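Residue numbers (my numbering), protein chains in the order written: chain Z, 1 to 303; chain S, 1 to 395.
Among the hints, erroneous ones may be present.
Said to hold, decoys possible - Label-pair distances were calculated between CB atoms; the ranges are: (1) S/G33 / Z/L91: 40 to 50 Å; (2) S/P13 / Z/L268: 30 to 40 Å; (3) Z/L69 / S/Y392: 53 to 63 Å; (4) S/D179 / Z/L257: 30 to 40 Å; (5) Z/E56 / S/T252: 52 to 62 Å; (6) S/Q212 / Z/L257: 44 to 54 Å; (7) S/I11 / Z/R28: 29 to 39 Å; (8) Z/P65 / S/T37: 32 to 42 Å; (9) S/E183 / Z/P65: 22 to 32 Å; (10) Z/G39 / S/E138: 15 to 25 Å; (11) Z/I154 / S/T193: 40 to 50 Å; (12) S/V46 / Z/L172: 38 to 48 Å; (13) Z/W282 / S/P13: 47 to 57 Å; (14) S/E183 / Z/I297: 49 to 59 Å.
Since the hints were made in silico from the structure, they are not lab data. Keep in mind the model is a prediction, meaning the values are calculated, not measured. We put the beta carbon where it would ideally sit given N, CA and C, even for glycine.
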Amino acid sequence: MNPLIALLIFPGGLFLLLLGLAYEWVDRKLVARLQNRIGPRWFQPFADVLKLLAKEEVVPDGANPFLFLGLPMVALAGALTAALYVPLAGLPPSYSFPGDLIVTVYLLSLMTLCIGLGGANTIDRFSLIGATRTLTQLFSYEAPFLLALLGPAIVVGSWQIGQIAAYADTRLLALTQPVGFVVALIGLMGKLEMPPFDAPEAETEIVAGALTEYSGRGYAMFRLGKGVELIVGLALVAAFYLGGVSDPLSFFGKTLLLLVVVAALQSLFARLRIEQTVGLWWRYGTLLALAQLLFTIVTEVMV
Amino acid sequence: MPTTEPREKFIVPIGPQHPALKEPGHFEFTVDGEIVTGATARLGYVHRGIEKGTEDRSWVQNLYLLERICGICSHSHALAYALGVEKLAGVEAPPRAQAIRVLVAELERIHSHLLWLGVAAHEAGFDTLFMYSWRDRETVMDLLENLTGNRVNYSANVLGGVKFDVSVEQADAIRRGLDFLEERTQHYLTVVTTDSMFLRRTRGIATMSKQQAEALGVIGPTARASDVPRDVRVESPYAAYTTFPVEAVLATAGDLEARFLVRVKELFESYRVIREILDRMPAGDLTARMPRRVKEGETVSRIEAPRGELFYFIKSGGGDRPERVKARTPSMFNFASVLTLAVGHQLADIPMIMAGIDPCFSCNDRLVVVNRIGHEADVWTWEKLRQYGIEYYRR
C-alpha cells in the first residue's frame with residue numbers, strides 16, 4: 001500500500017483517529033458501567049474533540065508559543081507514525097524494517113515526552129508538578145514495558161514487528177510468557193496514565209497535571225494522540241501475546257478484550273502516589289520482566 | 001507567584017476554585033518536590049452573616065435560617081437551636097418528638113458519613129467506591145424525603161417538638177432501607193480495611209496521636225479516630241439519647257484508616273439506634289406549647305453533629321427575637337489538624353488528609369471586628385454588615 005495513504009487515511013491517519021475515539025468511548029462506557037454509572041453516549045468523545053478543535057487556543061503568559069503549539073502536533077505525529085509499523089485492522093504493518101520494534105516503542109514514548117515538556121513549558125504550578133510526575137512515571141514503566149515486548153522478539157529472533165506478529169500468529173505467547181503479557185498490559189496503562197497510574201493528572205491534587213494550561217486544538221491533539229496510542233498499544237500487545245491479529249475479526253475481538261481487562265483494572269484500584277508507582281514498577285514490574293526475559297533467553301539458548 | 005524570600009518557595013495553591021474542594025477555601029502548601037513543608041489556610045469566601053441575621057428574625061423564623069448554615073447537617077443546626085430555645089423558655093418537647101428528632105439526626109448522620117466516604121475515596125482516586133457509596137446514599141436520602149418531604153433541609157423541628165409523625169409504613173420502609181444499607185456498609189468496611197491498594201493511601205498517613213489530638217482540640221470522628229472519647233451523645237445525652245443510648249466508636253491508630261474505620265463503624269451504631277427507636281417509639285404528642293416570647297436569659301446547647309460537637313450560645317432579651325445566637329461549628333476546630341499534619345507528607349496525600357476531617361467550609365466563616373483600646377465600641381447593623389459584604393467581595 002502507498003505509505004502516504006497508509007499514514008493519512010487507512011489503516012493509519014483518519015481511520016485510526018476515529019478508531020481511537022471509538023475505543024476511548026468503549027473504555028469510558030465500560031468504566032462507567034463498572035462504577036454503576038450510565039456513562040457517555042457513543043459520540044461523546046467525537047463531540048468533545050470537535051468542540052475542542054473549534055475552540056480558541058489560549059497560549060498562556062510565560063510559555064514559549066512555538067513549543068506550546070508545536071508539542072501537541074509532534075505528539076500526535078509520533079503516535080500516528082508509530083501506527084505505521086503495527087499490524088492494524090487485520091492488515092500487516094504498512095511499513096516495516098528490521099528493528100522497527102524499538103522505533104515504535106520510542107515513537108510511543110514521544111507522546112509522554114511531549115506532554116511532560118508541554119507542562120514544563122508553562123509557569124503554571126500544577127503543570128510543573130504534573131510534568132515532573134509525567135516524566136518520573138515515564139522512567140518507571142518504560143523499561144519494563146520494553147522488556148515485556150522484547151520477550152516475544154527474543155523468541156522469534158527478530159526485532160521486526162511484522163515478523164514477530166507473523167510468528168505469534170499461531171502461538172499464544174501469553175501462555176508461555178505470562179509475566180511479560182501482564183507487564184506489557186499494565187505498562188500500557190501506565191503509558192496512557194490510566195487509573196491507578198493517573199498520579200500525573202490527579203485532578204484532586206494538581207487539576208489536570210501537565211495539560212492544565214492546554215485548551216482548544218492543542219488539548220484536542222493530545223486527546224487524539226492518546227486514542228491512537230491506545231490502539232497501537234493494544235494492537236502490539238494483542239499481536240505479540242494473544243495469538244496474532246492477522247484478520248479484522250481477531251484484531252477487533254482481541255483488542256476489545258484487552259480493553260475490557262484494562263477498564264476493569266481501572267475501576268478496581270485507588271490511585272497510586274507517584275513514588276508508589278515508581279516503587280511498584282522498579283521493585284516488581286522490572287524485576288519480573290527481567291526474570292521472564294532471562295528465562296526466555298536461557299530456554300532459547302538451551303533449545 | 002512564588003514569593004521573593006531569600007530561598008524561593010514553590011507554593012501549590014489549592015482553592016478557592018479547585019477540583020479537590022467542593023466548597024471555596026484557600027490553602028497554600030509549600031512543597032519541596034513532592035514533600036509538603038508548610039501549609040496555610042485562608043477561609044472566609046462564603047460568609048453569609050447568618051448569626052447577625054438571626055437578630056432580625058423571630059424565634060421561629062430563625063429555625064429555618066439556621067438550618068441553612070449547612071446543607072449536610074441541616075437537622076443538627078435546627079436541633080441544637082430548638083433544644084437551646086426550649087431550655088430558655090422552660091418548655092420540654094414530648095418524648096415522641098424527642099425520639100423522632102434523634103431518628104432524623106441519625107438518618108442524617110448516615111447520609112453524611114456515606115457522602116464523606118464517597119468524597120474521601122474520590123480524593124484517593126478510588127472513583128468506584130465513590131460512585132457506589134453515593135448510590136447507596138440515595139437510599140437514606142429517599143427515606144428522609146419520604147419522612148420529611150425534603151432531601152436536604154428537612155425542617156423536622158419546630159420549637160417545642162417536631163412537625164411530623166412516623167407512621168407504621170414509614171417505619172417499615174426505614175427498616176428495609178437499613179437492612180440494605182447495613183449489608184452494603186459491611187462491604188465497605190471490608191473494602192476500607194482490606195483493599196491493599198487503598199490501604200497504601202490510608203494506613204499510616206496523617207497519624208495523629210492522642211496527645212496531639214487533645215492539643216489540637218479536634219472533635220468528632222476525627223478525635224475518636226485518635227482514641228479521644230469525645231462524643232456529646234455519650235458525654236451529655238440530649239433529646240432521646242438518654243432513653244436510646246449510643247456508644248462512642250473509638251479507634252486507636254489515629255491515621256486515615258482509623259478515620260475511615262470510625263465513620264463506617266458509626267454507621268452500624270446509627271442503624272442500631274434507629275431500629276431501637278422504631279421498635280420502642282414512645283407514644284404521645286408531637287409538640288408542646290411554645291410561648292411567642294422567650295424569657296430573658298442565656299444558655300448553651302451542645303449536640304453531636306456528624307462532624308463533631310455543634311455548640312450554640314443563645315441569648316434572649318425577653319422579646320420575640322434572640323439578642324444573640326452564636327454557632328460554633330465542628331469543622332473549624334479540625335482545620336488546625338490538617339495544617340499541622342500536612343507537613344512532611346506527600347502532596348498526593350493532601351486531598352485525603354483534608355477530606356479526612358470531613359471539612360465543611362461555609363459553616364466556618366466568621367466576621368470578627370476587633371475594637372482597639374481607645375476606640376469606641378462599634379455596633380454593626382444588618383444593613384451595614386450587608387453593605388460590607390458587598391464591598392468585600394467586589395474587591
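Status of each hint after checking the structure:
Look at S/G33 against Z/L91: about 46 Å separates their beta carbons, and that is inside 40 to 50 Å. A C-beta distance of roughly 32 Å is found between S/P13 and Z/L268, which places it inside the suggested range of 30 to 40 Å. In this structure, Z/L69 and S/Y392 break the distance hint of 53 to 63 Å, their C-beta atoms being roughly 40 Å apart. The supplied range of 30 to 40 Å is met by S/D179 and Z/L257, whose beta-carbon atoms lie about 38 Å from each other.
Checking the proposed 52 to 62 Å range against Z/E56 and S/T252 shows it holds: the Cβ atoms sit about 56 Å from each other. Distance hint check for S/Q212 and Z/L257: the Cβ-Cβ separation is about 51 Å, which falls inside the suggested range of 44 to 54 Å. For the pair S/I11 and Z/R28, the beta carbons lie near 34 Å from each other, so the given range of 29 to 39 Å is met. Evaluation of the 32 to 42 Å hint for Z/P65 and S/T37 yields a pass: the beta carbon distance comes to about 34 Å.
The supplied range of 22 to 32 Å is broken by S/E183 and Z/P65, whose beta-carbon atoms lie about 57 Å from each other. A C-beta distance of roughly 18 Å is found between Z/G39 and S/E138, which places it inside the suggested range of 15 to 25 Å. Hint check: Z/I154 to S/T193, Cβ distance near 43 Å, so the stated range 40 to 50 Å holds. Taking the beta carbon of each, S/V46 and Z/L172 are about 60 Å apart, not inside 38 to 48 Å as hinted.
Between Z/W282 and S/P13 the C-beta distance comes to about 32 Å, which lies outside the given range of 47 to 57 Å. Distance hint check: the CB atoms of S/E183 and Z/I297 are about 52 Å apart, consistent with the given range 49 to 59 Å.
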